[in-house]
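Every letter in the sequence shown is one number past the one before it in UniProt numbering, and letter 37, counting from 1, is 37.
Only true hints are included.
Simulated restraints, written as ranges between beta carbons of each label pair: (1) Asp-299 x Pro-134: 43 to 53 Å; (2) Phe-171 x Glu-224: 19 to 29 Å; (3) Gln-50 x Pro-372: 54 to 64 Å.
Simulated pairs of lysine-lysine, DSSO-like, Cα-Cα distance not exceeding 30 Å: (4) Lys-279 x Lys-238; (5) Lys-67 x Lys-118; (6) Lys-354 x Lys-367.
Keep in mind the hints are simulated off the structure, nothing from the lab. Backbone N, C-alpha and C fix where the C-beta goes; we use that ideal spot for every residue, glycine too.
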Amino acid sequence: VKMIKDRTGATPAPIQIPIGAETELEGLVDLVTMKEWVWSGEDLGAGWEQREIRDSLKDTADEWRAKLIETAVEMDDEAMENYLMDGAEPDVDTLRALIRKGTLAIKFIPVLCGSAFKNKGVQPLLNAVIDYLPSPLDVVDYMGFKPGDETETRNIPRRADDDMAFSGLAFKIMNDPFVGSLTFTRVYSGVLKKGDTLLNSTKGKKERVGRMMMMHSINREEIEEAFAGDIIALAGLKDTTTGDTLCAANDPVVLETMTFPDPVIEIAVEPKTKADQEKMSAGLARLAAEDPSFRVETDLESGQTIMKGMGELHLDILVDRLKREFKVEANIGAPQVAYRETISREAEITYTHKKQSGGSGQFGEVKMILMPTEPGEGYSFESRIVGGAIPKEYIPGVEKGIKSVLDSGPLAGFPVIDFKVALIDGKFHDVDSSVLAFEIAA
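Produce the complete structure using the sequences and hints provided.
Have a look at this one:
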């Protein structure tokens, strides 16, 4: 708890304390209801028992509950006055309401305990999600922008209202052996009915809703319509991928998409037989469709297939799925770190591309400043040309020339990231200059 506070600056509010630790974790004490939750462990955490708190933990539980109440009553003047003046503790329902109020206001963060390895603590965690986290009705309007708006001005509101036009976000793709491709979608506004035709406003393509399901763990329930705030799975969408917006065609909007970090590690994978090659290609394509943080590329020099991911464990799981689900036998190379290059300090450079030997020639001169940026900001280009030193129709050639070499840096051939280029001056020739000449010069 102290580490959470020190490292994040948040105010943690434990609402449970563990019974035991690590391999000896037996259960937990719920500080709101002051009951024990105990799991036997014989049924993988599916069954539990609620008991009175054992004598050996009563003092500890009372101490932590007092801290929880002191934090929670700050959310309500009447509850605080009753607690401080009369020593009256809030009842269970009031305490839950105070914790929810503080959570929604981000005044404190409820902290729970459990064991994913032992499957202990899952049920009270799900209860806490319902009790304390915001529902779609608690959230302010989601703002989207009009498809085709290059400035992405977010001025189109959407809220959890069944009477508004439909909008939803595809946040996960999963391949089901019985149903095929399932697109998990959160409904932000409106009502969606089976058979409706939607617009994928991210890609500008239409999709028809076939089967529509409500997912319950590994079970699925066929439904005829979905409402604002629902999370559903749509079967058979052809062009929709993770992060795409689905909306009513007569009232289009693009919601904020999802961003994914670049891979940090890569391995080479080679099929053992020609039959494996075909299965591997299909399998990798399906895995990449499901997981946007996973990338597949072909090395142009060696011809090897390269798998890129967020870590060794990430790639190990994908390789195991490739073998288990797609029956692919393959040789796996050693992991390689996906290095990147950048610049460490500001630099100015002038370069002249000149090829004039009679006839139509090439001429372009650029003067640029290269500047490092903050990690994660990526590459950006800015033109500071004034007075027509370089005609504006040639400037896109400069930017294109820079972008063409970003994948292979000067140090070791790794991609170049996190820097800015400012074009500040240059020269051109009335006859021999062209977009291509300035692209080569850059």
